[in-house]
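Model the full structure from these sequences, guided by the hints.
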Amino acid sequence: MTEYVSTTPGLFPLPDWAKDDLSDLKGHQKHDLISGDEGEEISSVYEQARAEVIEGQQDAGLDRVVEGQLRWDDMLAHPLAVHDAVETRGIVRYYDNNNFYREPVVSGDLEFSGDVAGELEAAAELTDDLQAVLPGPYSLADLATDEQYGNEAEFLGAIAEFLADEVDAFPDVETLFLLEPSLVENAPEDGADERASEAIDRVAAATDADVVVQPYWGALEEKVYAHLLDADIDAVGFDFVSNQDDNLYNIQEYGAPADISLGLADGQNTLVEDPEAIRDRVDWVEGQLPVAEFETVYLTTNTETFYLPYAKYEEKLAVLAEAADLAEVTVA
465 MTEYVSTTPG
475 LFPLPDWAKD
485 DLSDLKGHQK
495 HDLISGDEGE
505 EISSVYEQAR
515 AEVIEGQQDA
525 GLDRVVEGQL
535 RWDDMLAHPL
545 AVHDAVETRG
555 IVRYYDNNNF
565 YREPVVSGDL
575 EFSGDVAGEL
585 EAAAELTDDL
595 QAVLPGPYSL
605 ADLATDEQYG
615 NEAEFLGAIA
625 EFLADEVDAF
635 PDVETLFLLE
645 PSLVENAPED
655 GADERASEAI
665 DRVAAATDAD
675 VVVQPYWGAL
685 EEKVYAHLLD
695 ADIDAVGFDF
705 VSNQDDNLYN
715 IQEYGAPADI
725 SLGLADGQNT
735 LVEDPEAIRD
745 RVDWVEGQLP
755 VAEFETVYLT
765 TNTETFYLPY
775 AKYEEKLAVL
785 AEAADLAEVT
795 VA
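Each residue of the sequence shown is one higher than the one before, counting from 465 in the numbering used here.
Certain hints may be false.
To be verified - List of simulated lysine to any residue pairs, SDA-like, C-alpha gap at most 20 Å: (1) Lys483 to Met539; (2) Lys687 to Gly655; (3) Lys483 to Gln512.
Stated by the list, open to error - Cβ-Cβ distance ranges computed for the label pairs, FRET-style: (4) Asp480 to Ala722: 24 to 30 Å; (5) Leu489 to Ala656: 22 to 28 Å; (6) Val556 to Asp523: 35 to 41 Å; (7) Tyr713 to Leu489: 45 to 51 Å; (8) Ser507 to Glu618: 31 to 37 Å; (9) Glu618 to Pro773: 40 to 46 Å; (10) Asn563 to Met465: 39 to 45 Å; (11) Glu792 to Asn615: 46 to 52 Å; (12) Glu519 to Glu618: 39 to 45 Å; (13) Glu575 to Asp709: 40 to 46 Å; (14) Glu649 to Ala549: 22 to 28 Å; (15) Glu611 to Asn562: 24 to 30 Å; (16) Ala549 to Leu693: 29 to 35 Å.
These are calculated hints, taken from the structure and not from any lab test.
Values in this document were obtained by computation on a predicted structure and should not be read as measured data.
Idealized CB from N, CA, C, for every residue including glycine.
Right, here's the structure in full:
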């Protein structure tokens with residue numbers, strides 16, 4: 465019988481009180497963003513906020529709980545932006561939206577950092593249902609600039625090794641979501657698509673947790689999707705908010721792993737979906753697919769939720785949890 469798991473791809477909005485406190489403590493300039501060596505006062509605010517968002521997920525009834533990535537001022541570029549071998553330079557647009565991040569320029573060897581592992585260690589003290597979140601290697605390389613490795617293939621390999629070393633230091637987690645919007649937004653060309661799959665495979669091999677690769681803002685090109693299925697991962701995510709038809713086509717034409725992640729709630733729109741409507745969308749998607757039954761179906765927002773006001777983000781969590789419960793009841 466299919467298990468329905470409610471979760472999110474992380475990168476939550478800060479609670480309003482934390483946003484106000486950090487505005488006073490950090491300032492608003494580029495040099496005020498997180499660098500990995502923040503002082504005790506700033507760290508304390510993030511610790512309290514982390515505890516709040518974890519408790520909020522538990523209260524909402526989510527099956528997987530994320531740390532929240534509240535320190536990630538640079539969104540998916542964060543693991544590089546706080547690295548000693550990386551220089552952050554000008555502000556650049558975060559994909560095709562109105563958010564910006566510091567350009568991470570890699571100018572030295574990407575050795576182990578432990579920054580994300582430290583966040584997860586703190587979160588593991590507060591929940592037994594922990595899900596880790598990382599940028600996928602292709603997206604992280606796409607968001608960065610290389611001044612160390614010399615060519616795209618070497619750079620992607622170095623990013624994959626770096627992320628694998630980080631994953632190896634994680635505490636026990638139930639699931640690892642690798643977020644790969646660049647596979648859609650800046651799709652790899654011939655040859656690079658196979659290397660992207662190999663890089664994802666390298667990161668996935670570093671953990672015994674279930675690994676979900678979550679692209680979003682559209683559907684993968686056919687060859688990119690076919691190569692992604694060659695990676696030793698447990699699930700692929702599909703953004704059914706941004707592109708329904710092409711995502712369905714990929715699954716119908718090429719199949720899918722035994723597990724699947726469905727982005728059915730809009731992570732960027734303040735309109736709060738109805739849980740029954742989400743459940744009906746799950747039924748509809750499953751009815752269109754050639755597989756008899758998935759082992760696990762993850763129900764999630766299609767994108768990160770830091771775009772949302774805090775109160776709306778909380779409502780989205782409750783919707784996902786209730787939709788998963790309704791889907792379980794339907795199956796039973």
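Now the hints, each set against the structure:
1. Lys483 to Met539: holds (16 Å)
2. Lys687 to Gly655: holds (10 Å)
3. Lys483 to Gln512: holds (12 Å)
4. Asp480 to Ala722: 24 to 30 Å: violated (41 Å)
5. Leu489 to Ala656: 22 to 28 Å: violated (42 Å)
6. Val556 to Asp523: 35 to 41 Å: Given a distance of about 37 Å, which is inside 35 to 41 Å, the answer is holds.
7. Tyr713 to Leu489: 45 to 51 Å: Once the Cβ atoms are compared, 49 Å apart, the range 45 to 51 Å for Leu489 and Tyr713 holds.
8. Ser507 to Glu618: 31 to 37 Å: holds (35 Å)
9. Glu618 to Pro773: 40 to 46 Å: holds (42 Å)
10. Asn563 to Met465: 39 to 45 Å: holds (40 Å)
11. Glu792 to Asn615: 46 to 52 Å: Because 48 Å falls inside the window, the suggested range holds.
12. Glu519 to Glu618: 39 to 45 Å: Holds, at about 43 Å.
13. Glu575 to Asp709: 40 to 46 Å: At roughly 44 Å between Cβ atoms, Asp709 and Glu575 fall inside 40 to 46 Å, so the hint holds.
14. Glu649 to Ala549: 22 to 28 Å: holds (26 Å)
15. Glu611 to Asn562: 24 to 30 Å: holds (28 Å)
16. Ala549 to Leu693: 29 to 35 Å: holds (33 Å)
When each numbered hint is compared with the structure, violations occur for hints 4, 5.
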